[in-house]
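Trainee: Letter by letter, the chains look like this.
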Amino acid sequence: MNRIHFLALILVLSFLGLSIFLYKVIVLGFPMSPDTKSEVWNVEARISFQGKDEPAQVSMFTPQSIHPYIITTEAFVGQDYGVTEKTQGPNRVVQWSTRKAEGIQILYYRGIIRQMKEWETEFRELSHPSIDKEEALQGVLPPLQGTFLQAGIAVLDEVKEESADLESLILSLIARIQDPDKESPASLLRSQYPPQQVLAQLLTLHGSPSRVVHGIELSKEAKIVNTKEWLEVLIEKEWVPYDLEQGKKDIPENYLPWWRGHAPLFQIKGGTELEFRLSASPNQEQAIKAAVARGMVLNPAWLKFSFFSLPIEKQVVYHILILIPVGAFLLVLLRNVVGLKTFGTFMPILIGLAFRETELFWGIFLFSVLIALGLGVRFYFDNLNLLLVPRLASVLIIVVLIMGFLSILSHHLGLVRGLSIALFPMVIVTMTIERMSIVWDERGPGEALQQAFGSLAVASLTYLIMSLKSMDYLFFTFPELLLVLLAMTIALGRYTGYRLLEIRRFKSLLQAG
Amino acid sequence: MFKDFAELADFGILGLNERNAVYTLGYNQRGFFPLVDDKAQTKALCIKAGVAVPPLYGTIEIERQIRDLAKLLGANTEFVIKPAHGCGGDGIIVIKGRVKDKYRKANGTLLTLPKLEHHISNVLSGMYSLGGGADVALIEYCVNSDPVFESISYQGVPDIRIIVLLGVPVMAMARLPTRMSDGKANLHQGALGVGVDLATGITQSAVLFNNIVTEHPDTANQVTGIQIPDWKTLLELSSQCYDIFKLGYLGVDIVLDKDKGPLLLEVNARPGLNIQIANRAGLLPRLHLIEKSAETLFDVQKRVDFAIQHFQAALPNSKTVN
Chain E
1 MNRIHFLALI LVLSFLGLSI FLYKVIVLGF PMSPDTKSEV WNVEARISFQ GKDEPAQVSM
61 FTPQSIHPYI ITTEAFVGQD YGVTEKTQGP NRVVQWSTRK AEGIQILYYR GIIRQMKEWE
121 TEFRELSHPS IDKEEALQGV LPPLQGTFLQ AGIAVLDEVK EESADLESLI LSLIARIQDP
181 DKESPASLLR SQYPPQQVLA QLLTLHGSPS RVVHGIELSK EAKIVNTKEW LEVLIEKEWV
241 PYDLEQGKKD IPENYLPWWR GHAPLFQIKG GTELEFRLSA SPNQEQAIKA AVARGMVLNP
301 AWLKFSFFSL PIEKQVVYHI LILIPVGAFL LVLLRNVVGL KTFGTFMPIL IGLAFRETEL
361 FWGIFLFSVL IALGLGVRFY FDNLNLLLVP RLASVLIIVV LIMGFLSILS HHLGLVRGLS
421 IALFPMVIVT MTIERMSIVW DERGPGEALQ QAFGSLAVAS LTYLIMSLKS MDYLFFTFPE
481 LLLVLLAMTI ALGRYTGYRL LEIRRFKSLL QAG
Chain U
1001 MFKDFAELAD FGILGLNERN AVYTLGYNQR GFFPLVDDKA QTKALCIKAG VAVPPLYGTI
1061 EIERQIRDLA KLLGANTEFV IKPAHGCGGD GIIVIKGRVK DKYRKANGTL LTLPKLEHHI
1121 SNVLSGMYSL GGGADVALIE YCVNSDPVFE SISYQGVPDI RIIVLLGVPV MAMARLPTRM
1181 SDGKANLHQG ALGVGVDLAT GITQSAVLFN NIVTEHPDTA NQVTGIQIPD WKTLLELSSQ
1241 CYDIFKLGYL GVDIVLDKDK GPLLLEVNAR PGLNIQIANR AGLLPRLHLI EKSAETLFDV
1301 QKRVDFAIQH FQAALPNSKT VN
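Sequence lines, in order, name chains E and U. Using this note's numbering, you'd call the opening residue of the first sequence number 1 and step up by one each time. Using this note's numbering, you'd call the opening residue of the second sequence number 1001 and step up by one each time.
Treat the hints with care, since some could be wrong.
[Said to hold, decoys possible] Restraint ranges, calculated between C-beta atoms of paired labels, are given here:
no., chain 1, residue 1, chain 2, residue 2, range
1, E, G376, U, K1260, 44 to 54 Å
2, E, G376, U, R1064, 25 to 35 Å
3, E, P390, U, G1026, 35 to 45 Å
4, U, D1101, E, A372, 29 to 39 Å
5, E, A372, U, I1047, 42 to 52 Å
6, E, S394, U, I1047, 36 to 46 Å
7, E, E357, U, D1004, 31 to 41 Å
Think of the hints as simulated: they come from the structure by calculation, not from any bench. All values derive from a computational prediction rather than experimental measurement. All residues carry an ideal CB built from backbone N, CA and C; glycine is no exception.
Could you build all of it, start to finish, from the sequences and the hints given here?
Mentor: Structural data, given as structure tokens:
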């Protein structure tokens, strides 16, 4: 029974995992690698605040379908909140309101944004809307007054002398306003307004309607983002963007405009302790929108049951968690099939995870330094005849001190990577130091170093496997593959063959025999 | 690589995975592990069954008792401190004498009483125990080795390890301490492993770490061709352990005391694999043979006879080798 049961379990698990996987790939057409994805992102704004037991109202600008981005799906989430949308000048505003806000309130805006390709019809419809100067002047900032107006005129005059046309005027104005050292009328303006606003006002004053654009950068990985500001100037009935950071015309392709003008992103009435977060992540599932759409018709329940339905910030966590089983499987292979020795069973995985932040070279370097210093202190503690738990606690304190010291040192040396030492799991490091010192005492330094290098090698290998983009994509998109991984792990649980390193161990025997 | 695997298999080598999955887990019920993992229980069971063990001077179970260590030791100048749940010989201190108020270890270094007390404190906190849990320290009689081993061991006490499957002795080796092993009889610490012919009790080939040798590295004396006294008694003793501990796959460690004869030192439910190198033979053919005739081997006499009949050393006397 035992053997049949065992084989059946492995087969059922693999079959289940593989069939869901193949169904997704073949029938639903999920792409196998992240490279086939198109340019689709999830963006999310999360607002939380403390209600004051009275009516509350939150209004927030939202992104709009403006060339070259189109918003395919949107959701406004807020329990017991009414939602209204309206247009306000060039912007779109969503307003959440409730009659009574009590306790912590959380509101979400979620949108799925697609960057259009030139061959799409919507692309042509949305692109290059023609705008009149009168129209453009609506909703721009109120003009400068008094000394600010005079300072503005002075700056403009200076720049006009240096520039031949509007283009060069805009560029030298950007350079002048952003130059912090310049002792000029510009500094007066800058002391009052943010630089992008100064620029918009001066250009409008000059006769070219300009406005500030607030947006976010859409990157390849999921993360919490800050807003970026740039400038739009009306040139020949078209808004032309100018990148302030680079001081040049046009903005990077992955900048998503969110709202325009000088108003803050959101306004709130009837709430305190406001917290706000914007996040964006590439959306692989939507990249295969057609596939999912087909899937929704066929079987809505379990397709919704995927990591992609989680809020973006939780997705970030699962991008990491999903790789731990991969590391664990690798560890099983390296320990039971290859025969490497490591300190602690899962310690290498945790160290490997920490390497994600430090990257390999720095990770190995910092880990070795940490262990070496800790071990030195541990040997000193040996003379003090401390009891075990206080000794472990003392080593832990020393580990934290060393980590802090190394962070500060590397910061002063200007080594950014050194700061990420704080991500090493210090309890694991402490236990590693303790076990290493015992092995050192009982079995000699050779054995201790051998195990330390073994652990480090396994950690590095786990890191390398876990940091593979395709590995991340595969298991995040097809979590059912974990069932296959489980089946393989269970199968290895009954692997009774030799370990690779046993060949070396019994070598003398074979030669003699 | 696959060729090497096949060669190991042809030789009948038992690997770690197979030992764990098939023998340790397959023949040993979880519930009986504590009987051998806790050396205090092992000792008590042996005494009950009439098996000779090194006499116990006392146990220290809580930190407070450490203060009374000096009183407990009394006038004993020779004793051994060992963690009840230790493995691989870690945490064992052998004291062979006193110099004024200091204790002399087997290797000649001196320890003060506070140092001994600290060591016991470490033992109690679980530093050497298998799972890291709280432990107790045993203080027991220090074995005086039989003269037969005098010329072929460096300090410490040699012991004899016999692997037993279902009560049938499978393979045996003598472990001789060296200077490198710090007087301990552990192969991975540098002790010499000497294969013993199961039928006769005569030492065959020897292995130091993974290298085949014929002489003791410290005394330079030949370690092969030596007759271990009372061999049949040792085989019976090891066979008896199956009935006492109910564990199908065992490593039994026996020492030969000058005065008290064979004493059972400890029993191991996960015995190591180096015995195969020392004997230059794989365990698997022997294990399979026993598994085939397991039903007929119901008492100690039958099992020992079976072992003597079937497991004669395959190699000629190792004097001819090298």
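Trainee: Now tell me if each hint is right for this structure.
Mentor: Hint by hint, here is what the structure shows:
1. E:G376 <-> U:K1260: 44 to 54 Å: Given a distance of about 46 Å, which is inside 44 to 54 Å, the answer is holds.
2. E:G376 <-> U:R1064: 25 to 35 Å: About 33 Å separates the Cβ atoms of G376 (chain E) and R1064 (chain U), which means 25 to 35 Å holds.
3. E:P390 <-> U:G1026: 35 to 45 Å: Holds, at about 42 Å.
4. U:D1101 <-> E:A372: 29 to 39 Å: holds, 37 Å
5. E:A372 <-> U:I1047: 42 to 52 Å: Cβ of A372 (chain E) to Cβ of I1047 (chain U): about 48 Å, so the range 42 to 52 Å holds.
6. E:S394 <-> U:I1047: 36 to 46 Å: holds, 42 Å
7. E:E357 <-> U:D1004: 31 to 41 Å: holds, 40 Å
Going down the numbered hints, you'll see the structure goes against none, and every one checks out.
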